[in-house]
Each structure stands twice: as structure tokens, then as C-alpha cells.
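Chain A is fixed; fit chain B onto it per the hints.
Going down the list, the protein sequences come from chains A and B. The first sequence begins at 1 in our numbering and counts up by one. The second sequence begins at 1 in our numbering and counts up by one.
Keep in mind the hints are simulated off the structure, nothing from the lab. Just to be clear, a hint being listed does not mean it is correct.
Claimed, not checked - In the BS3-like style, the derived pairs of lysine-lysine whose C-alpha atoms are separated by at most 30 Å in a straight line are: (1) 136/A - 74/A; (2) 57/B - 131/A; (3) 57/B - 125/A; (4) 74/A - 57/B; (5) 136/A - 125/A; (6) 136/A - 44/A; (7) 57/B - 136/A.
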Amino acid sequence: MSSSRFRWIMRALLLIVTASAAAGLLASPQAFADATDEYPIPSKQIETLCDAEQYLAAARDTSPIYFERYMLDKSNRPLDVQQAAEDRIHWFYSLDAAGRRQYSEDTATNIYYEQVATRWGNWAKVFFNNKGVVAKATAVCMNYPRGDLSVWDWPVAR
Amino acid sequence: MKSRLIAGLVSALVALPIAAAPVASADRDTDFAAQLHGFGIYGQRDFNAWLAKITCKRLTTGVDADARESAVFLSQNLARTTTTEQVWQFLGAGIPLYCPEHTAALTALAGDHA
Chain A
1 MSSSRFRWIM RALLLIVTAS AAAGLLASPQ AFADATDEYP IPSKQIETLC
51 DAEQYLAAAR DTSPIYFERY MLDKSNRPLD VQQAAEDRIH WFYSLDAAGR
101 RQYSEDTATN IYYEQVATRW GNWAKVFFNN KGVVAKATAV CMNYPRGDLS
151 VWDWPVAR
Chain B
1 MKSRLIAGLV SALVALPIAA APVASADRDT DFAAQLHGFG IYGQRDFNAW
51 LAKITCKRLT TGVDADARES AVFLSQNLAR TTTTEQVWQF LGAGIPLYCP
101 EHTAALTALA GDHA
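Bound conformation, chain A alone (with noise of 0.2 Å):
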């Protein structure tokens, strides 16, 4: 074999892997910041039945520490953006599950979806952000009574 011809070969055989190389690089999937059915909202928070003062109810008995921080929180926020946030969740709860999976979808993929949050990044920390409080309390929220917005009433430390 000549070496022009050896050439060419080694020419033709690295154009093939470049390409190759290239192919596969293109066709790979891209990454997407998509819901998934734990995140951003626990799928045990999504298929629950029990309205948002049965939840509150549970996870101020289940996970104390975290109800209570929570509560703090909200009420170093101005009255407006607490109300905002009572009513945001009451809304939450009023969708079916797959209205609430694509309500996940939608916070996961669009920061600003959620107009609550502008104001308030950790509006909806005791009922979204941990998969553990989620899980102990909508073990028993159905024990507590529907609708009895006195569970918002929480004094905190000043």
C-alpha cells in the first residue's frame, strides 16, 4: 500500500468517528428542568383529600419544630402577603390531583409562575418543600376537622 493511499484511508476512517462523535453529541436528549411526581410538590401532597387546615393541623402535631418556623415566618410578612398566601394554598387544595401535577409542572419550569413567591419565596415550605413533613402528616390530616381556619391562629415569640 502506498503511503498517499494510507493516507487518505486514516483521512476517511477519523472523518467517520468526527461525524460520529458529532451525531451522537446532537442527537443526545437536553436537559430539561422538569417536575417530577416528588418535586417540587410530594406526590403525597398531591393526591391528598384533606383541605389546608386539616394538613396544617396534622403537621403542627407530626412535625412541631418545622410548623412553628413556619408560622414565624409568615407572621413577619405584611398582612397582605399572609392573606395571599392563605389564599393561594385554599386554591391549591381546591384542584384535583392531575390539576395539581400540572400546578407542580408549571412552578417547576417558570420561576415566575408563582406570584406568591415574589413575594414570599418559602410561602408554601409546610406544605411543599419537605417530603418527610408531607408524608407524617397527610398520614393522619384526615383525622383533624375540614375547614376550621383556626389552626392559622398560631401565636409566635416576638
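Coordinates of chain B only, in the frame set by chain A:
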């Protein structure tokens, strides 16, 4: 002579409240942790202190109607290895320290068993 007597009296009056002032304790949470260690209850000092304060708050707000309900609340939130006896020891140490106004809730229950 008379002025010396008055000066002595004033000094005594000033010294009395200083001497009678409560002995400075390191910190309530530390005292509580030390008591808990005596019962074999460990865990984070802040966590235990916060749990005791929340127990008090639940009695104040009426979420827990009596010490028995407080004990149920504590048994759900202390470490799983905590015995019933330790739960009551936690309560017995925590209430006088963080909310002595609820000590009656404890003694009322003691009366039940008498």
C-alpha cells in the same frame, strides 16, 4: 455617730437586693439539657428546648387540654426509643422550667392517681 448609723443602714439596704438576687444560671436551655441527660434523654439541645416551649404553648392555647395530651404530643415527637417514663420526665422537667404557670396541669394529673 448618727450619720454613721444612717450610712450603715443605707449600705445594708443596698446590699440586700444584691445578695438576694437569684443566682445567675448559665442558660435555661442548658439547665434543661442537663436535667434531660440525667434521665438518659439526649438529642439536640435546641430541639428539646423548642419542643418543651411548644408543649407549653399548646397548653396555653388549649391545643392540649391537659398533661396527658401533652405526653401524647411529646411521645410522637421525641426519639422513637424514648420510653413512656422518659416522656413524663421530659414533661416534668420542662413545665416548671418553661411555663411554671402550667405546673397545676401536672399536679392535677398526679391527684388523679392518688
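Inset, instruction - For the pair we were handed, residue 57/B and residue 136/A, check the Cα-Cα distance against 30 Å. - result: Given that 30 Å is the threshold and the Cα spacing comes to 21 Å, the pair holds.
Inset, instruction - Assess, step by step, whether the Cα of residue 136/A is no farther than 30 Å from the Cα of residue 74/A, and give holds or violated. - result: holds, 22 Å
Legend entry - Hint consistency between residue 57/B and residue 131/A [alpha-carbon to alpha-carbon, up to 30 Å]: Measuring from Cα to Cα gives roughly 26 Å; hence the hint holds.
Inset, instruction - For the pair we were handed, residue 136/A and residue 44/A, check the Cα-Cα distance against 30 Å. - result: holds, 10 Å
Inset, instruction - Mind checking the alpha carbons of residue 57/B and residue 125/A for me, to see if they're no more than 30 Å apart? - result: holds, 22 Å
Inset, instruction - Take the C-alpha atoms of residue 74/A and residue 57/B, compute the straight-line distance between them, and say whether it is at most 30 Å. - result: The hint holds at about 18 Å.
Legend entry - Holds or violated: residue 136/A to residue 125/A, with C-alpha atoms at most 30 Å apart: holds, 15 Å
Hint violations for this structure: none, all hints satisfied.
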